[in-house]
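Q: Each protein sequence line maps, in turn, to chains A and B. Reminder that position 60 of the first sequence reads as 67 in the working numbering, one-by-one numbering, no gaps. Reminder that position 66 of the second sequence reads as 73 in the working numbering, one-by-one numbering, no gaps.
Hints are all accurate, no fakes.
Same chains, same names: a pair is fine if it fits in one copy or spans any two.
Under the rule of at most 20 Å between Cα atoms (straight-line distance), these lysine to aspartate or glutamate pairs were calculated in the EDC-like manner:
hint: 1; residue 1: Lys-140; residue 2: Asp-161
hint: 2; residue 1: Lys-191; residue 2: Glu-231
hint: 3; residue 1: Lys-191; residue 2: Asp-218
Simulated from the structure, these hints should not be mistaken for lab results.
Protein chains: 2
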Amino acid sequence: MNSLIAVGSIAYDTLETPFGRRDRALGGSAVHFALAANLFTDVGVVGVVGDDFDGEPVLAERGIDTSGIQVVAGGATFAWEGRYGFDLNVAETLDTRLGVFEQFDPQLSAEQAKAPVLFLGNIVPDLQRSVRKQSQAGFVALDSMNLWIEIAKDSLIGAIGEVDCVILNDGEARQLTGESTLAKAARAISAHGPRIVVIKRGEYGAALFVDGAFFGVPGYPLEEVFDPTGAGDSFAGGFVGYLAATGQTEPDIAHLKRAVAYGSIVASFNVEEFGTERVQRLTRDEVETRVGEFHAMTSFDLG
Amino acid sequence: MNSLIAVGSIAYDTLETPFGRRDRALGGSAVHFALAANLFTDVGVVGVVGDDFDGEPVLAERGIDTSGIQVVAGGATFAWEGRYGFDLNVAETLDTRLGVFEQFDPQLSAEQAKAPVLFLGNIVPDLQRSVRKQSQAGFVALDSMNLWIEIAKDSLIGAIGEVDCVILNDGEARQLTGESTLAKAARAISAHGPRIVVIKRGEYGAALFVDGAFFGVPGYPLEEVFDPTGAGDSFAGGFVGYLAATGQTEPDIAHLKRAVAYGSIVASFNVEEFGTERVQRLTRDEVETRVGEFHAMTSFDLG
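Chain A extracted, bound-state conformation (with noise of 0.2 Å):
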């Protein structure tokens, strides 16, 4: 049995940075996740494609459990264009094609249900709230995005109140919440239900709120950023894949502080090259390495 399942998006991306081009990268917020979280744990990823779809084998060869992968005969896997600027903070999408993802309608086996540990991707919130009920995960922790709090704002708020943790960039927070400082963000979306909120704030680093208290990081310092897609699914796969690993449905704070280590450096190494081309080859050594810097870069004696 798998200790995490994830469901989202698998998707092809089209790429265009001022450093160069992909077409057709293997993408998606389920894979970017599962690849990060694989690294501390056993993961299955819960996702539609069609049968133009030929990154399996990527996956597979992680360890990570495709069963769950519908393949849908004569469909076409979701496919997103998009373009960076020198601005690599912001994304103009330059076409969208949902393919079979637009009747994406997930449904866990009896035994993906049992996994302790579930990650809701960035999808229609009613899904989430779906495969929601159908898991008896005892830690679930949900990913969205500006079009659902524009679009179906009541769903999401229905869905945050569903689950164990929310993780929002920044803006997000702000737009759904109407609040101006994080902290008061932070405790709006806590309010619906959350124990832990954390925010994304790409190359600032990242914030956790719990139970009252707050912890940030900046963001790991890198000379170069080739391409951001999926560095929040990178994130969230080490949070989550971290917390699952340790077996905690109510992790303590020790634990979350790390998760949030965790996730920012496996983010960092995402950034590093396009799509998931850094991540599938990435090491715990190498994830360890450089949490173990990072640890030196943000921590100070009170003296």
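On the provided structure of chain A, position chain B as indicated by the hints.
A: Just chain B now, kept in the frame of chain A:
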């Protein structure tokens, strides 16, 4: 003798934020800096005002040496009027009246020249160089702004080459160097001479680059931000003031890290009220308490 001399603007700021308005509040880079630095060490201010200036008692009451403030009879003190929208990161300048600041030609007394630490606040880079030449300080820090990068870049680079520490915000660091990542921008600035580069990131915190090492902190998580005016100068005051108090002219990394934490915390108090209102009555005990909280908020164990 003062252990720290601060050269910069002394101003009246008329401020409008979504939370209220203040007419002719005491402000300016040297004022915000000195009120912050004064929490750690004895500081003297070098600046110029008109005979409309009545802020001297506020500084003197805190023990700040105001003997270096030149009063120009018949002149008007530098006055700035600005407005912040809900995005408190961006100030819209409504009016700038340089007054006597336009003819500012800072001259250090023999005693001021002997102060071991010098802070060159944001003024014309050639004036910063002139003051640097007058000073025998063993440790000199410099702040600047986008205006000088635009109209006096060569002079600014000259000034940077003559100091030990440069303090800029992230946009300025990128603009000055043309580098997209902060790590590269900091390296490019250090290549001009300064051993220490500090990058202010507003609500996202601050970063330090020294001897090839990096240290970063998130912003202290505030519930309310009333007025960001002077946050950068308060940061610099806490940072340089703490270092001046150590007596080190080549501060080691442990002290530099602590200095970043102190700067961050003083700045966090600064933005809680208008202008200098909060820092004017801030105590070292309050700073120490919040630095202790900040330590817990930023440290994690490797496990």
